[in-house]
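Next come the chains, spelled out residue by residue.
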Amino acid sequence: MKPKLALYWASSCGGCEIAVVDTELKILDIADFFDIVFWPCLMDFKYKDVEAMADGEITLCLFNGAIRTSENEYLAKLLRAKSKVLVAFGSCAYEGCIPGLANFFDKKAIFDCNYKDSISLEESSKGVYPVTHTHMPEGDIEIPEFWNTVKSLDQVVDVDYYVPGCPPQSFQIINVVEAVIDILKNGKPLPPQGTILGAGDKTCCEECPRERKEKKIKKFYRPQEKIPDPDECLLDQGFMCMGPATRSGCDALCVKANIGCRGCYGPPPNVMDQGAKMVSALSSVIDSTDPKEVREIIGTIADPLGTFYRFSMAHSILHRVQIKENGKE
Amino acid sequence: MAEEKKQNGWDPKIAAFLCNWCTYTGADLAGVSRLKSSPCVRIIRVMCSGRVDPTFILQAFKKGADGVFIGGCHIGDCHYSEGNYKTLRRIEFLKIFLEQFGIDPNRLRLEWISASEGDKYAETTLAFEKQIRELGPLKLQV
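If you're matching them up, the sequences are chains A and B in order. Numbering-wise, the numbering used here puts 84 at position 84 of the first sequence, and it's gapless, one number per residue. Numbering-wise, the numbering used here puts 89 at position 89 of the second sequence, and it's gapless, one number per residue.
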């Protein structure tokens with residue numbers, strides 16, 4: 001009996017599915033070793049197929065996507081029950097990723113923007129909000145509920161392992177799959193619950209080939225403001241680079257392409273909050289001891305919160321921005 | 001003071017990170033001098049205000065602090081030379097963060113209080129308590 005594999009996408013972009021398929025010929029080995037029993041993106045299985053399975057029947061489930069709706073949450077709980085090993089695959093499931101940026105707003109703001117205020121709405125459509133339950137003569141229509149806060153997978157179910165990245169790099173996915181096959185074939189012990197797989201245990205700076213000197217930053221530059229030197233550390237040059245507060249494992253792709261790391265592999269080991277750590281890192285290199293000047297230098301960063309929590313907002317200590325009612329806190 | 005206490009049964013919880021060499025000793029001096037300082041302050045002693053990781057501050061708010069107070073040596077007098085410069089920058093940064101997070105940045109306060117300034121410790125903690133009472137409890141939406 002082949003071990004059973006499931007892949008599911010909750011609130012996601014589909015990039016993780018592409019990353020899996022990008023393992024190219026390795027996908028044939030995966031399909032050969034595993035019996036793929038659920039993969040909505042690529043194969044025609046239905047939810048009722050999963051509901052009909054016994055608990056723990058699925059050997060391995062790679063769950064990508066954040067938890068935005070009641071449907072996402074239902075599938076997270078269903079797949080947790082039916083899977084022996086549940087992996088939070090990719091940044092969305094691990095830490096919220098881009099869908100997690102919706103936590104800068106709330107359901108009301110998002111719905112108002114999309115269904116009332118958007119300039120691309122026809123007049124007759126403005127103010128028509130989705131309703132979870134509609135009764136029609138032919139029958140009842142149900143759509144999922146839209147939760148107010150985006151959650152990571154481990155905020156709704158117990159997660160066994162995490163594979164970070166937006167998306168996880170294909171060579172790392174191959175590493176993870178080979179390790180899993182090794183465990184299943186040769187009876188090797190499973191790593192401790194909560195282990196981060198397919199990534200390193202240092203920061204992105206370790207993998208970066210650029211030359212680092214002492215940092216004294218008087219101004220932060222946005223990517224369009226000047227041409228980066230290809231050999232010097234980007235942060236040294238004043239470009240925003242999340243490298244110091246990001247886990248290694250991607251082989252420093254972005255910095256090798258002359259753009260600062262965005263932080264998609266999540267926080268380094270033993271770091272609870274990626275944004276807070278970046279504040280700490282940058283505070284060490286800002287070249288000023290005058291509060292007013294310090295504020296001005298920080299002011300050259302366009303959107304500190306959005307930049308430092310681009311991937312990890314949902315998983316951060318505060319999870320979300322506090323929405324003010326009537327301008328009060 | 002007595003009337004201000006127990007407004008609607010609530011007292012502010014203020015987490016304070018005080019540096020060992022200056023502010024903590026200043027707080028101690030306030031104590032032996034019998035000066036009245038805020039009873040709402042829960043002190044955590046650190047060796048240097050530069051030890052205060054922004055994570056601690058966010059975690060303090062998450063765990064129920066209505067205000068966070070950081071006390072360090074005066075600029076130029078840090079026991080470890082440069083620690084408080086980093087604190088200064090981190091707190092400036094964090095205030096911008098808190099504003100973006102929708103939390104009033106006045107809930108985070110940085111003061112330079114030396115070992116001989118027991119009276120300043122007493123005054124500033126009482127003033128901070130009053131400010132937090134005005135701001136009210138921090139109820140975080142999750």
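Calculated from the structure, these hints are not laboratory results. Honestly, I wouldn't trust all of these hints.
[Stated by the list, open to error] The list that follows gives simulated cross-link-like pairs (lysine-lysine, DSS-like), each with its CA atoms no further than 25 Å apart:
#1 K130/B <-> K324/A
#2 K256/A <-> K219/A
#3 K108/A <-> K139/B
#4 K292/A <-> K63/B
#5 K36/B <-> K324/A
#6 K36/B <-> K139/B
#7 K324/A <-> K62/B
#8 K26/A <-> K188/A
#9 K26/A <-> K185/A
#10 K324/A <-> K108/A
#11 K13/B <-> K139/B
#12 K139/B <-> K324/A
#13 K324/A <-> K120/B
#14 K120/B <-> K13/B
#15 K48/A <-> K107/A
#16 K36/B <-> K13/B
#17 K215/A <-> K292/A
#18 K107/A <-> K139/B
#19 K215/A <-> K202/A
#20 K202/A <-> K116/A
#21 K108/A <-> K62/B
#22 K107/A <-> K120/B
#23 K185/A <-> K126/A
#24 K116/A <-> K26/A
#25 K324/A <-> K116/A
#26 K77/A <-> K46/A
#27 K77/A <-> K2/A
#28 K62/B <-> K120/B
#29 K48/A <-> K77/A
#30 K226/A <-> K256/A
Status of each hint after checking the structure:
1. K130/B <-> K324/A: Roughly 22 Å between the alpha carbons, so the hint for K130/B and K324/A holds.
2. K256/A <-> K219/A: holds, 23 Å
3. K108/A <-> K139/B: Status holds; Cα separation ~19 Å.
4. K292/A <-> K63/B: Between K292/A and K63/B the Cα gap is close to 31 Å, so the pair fails against 25 Å, i.e. violated.
5. K36/B <-> K324/A: Roughly 35 Å between the alpha carbons, so the hint for K36/B and K324/A is violated.
6. K36/B <-> K139/B: violated, 28 Å
7. K324/A <-> K62/B: With a Cα-Cα distance of about 17 Å, the restraint between K324/A and K62/B holds, given a limit of 25 Å.
8. K26/A <-> K188/A: Holds: K26/A and K188/A sit about 22 Å apart, inside 25 Å.
9. K26/A <-> K185/A: holds, 17 Å
10. K324/A <-> K108/A: OK: K324/A and K108/A at ~12 Å, within 25 Å.
11. K13/B <-> K139/B: Status holds; Cα separation ~12 Å.
12. K139/B <-> K324/A: Holds - the C-alpha atoms of K324/A and K139/B are around 11 Å apart, at most 25 Å.
13. K324/A <-> K120/B: violated, 34 Å
14. K120/B <-> K13/B: Holds, at about 20 Å.
15. K48/A <-> K107/A: Not OK: K48/A and K107/A at ~29 Å, beyond 25 Å, violated.
16. K36/B <-> K13/B: holds, 17 Å
17. K215/A <-> K292/A: holds, 20 Å
18. K107/A <-> K139/B: holds, 19 Å
19. K215/A <-> K202/A: The hint holds at about 20 Å.
20. K202/A <-> K116/A: violated, 46 Å
21. K108/A <-> K62/B: holds, 24 Å
22. K107/A <-> K120/B: violated, 46 Å
23. K185/A <-> K126/A: Cα-Cα ~57 Å, so violated.
24. K116/A <-> K26/A: violated, 47 Å
25. K324/A <-> K116/A: holds, 20 Å
26. K77/A <-> K46/A: holds, 16 Å
27. K77/A <-> K2/A: holds, 24 Å
28. K62/B <-> K120/B: violated, 28 Å
29. K48/A <-> K77/A: holds, 14 Å
30. K226/A <-> K256/A: holds, 17 Å
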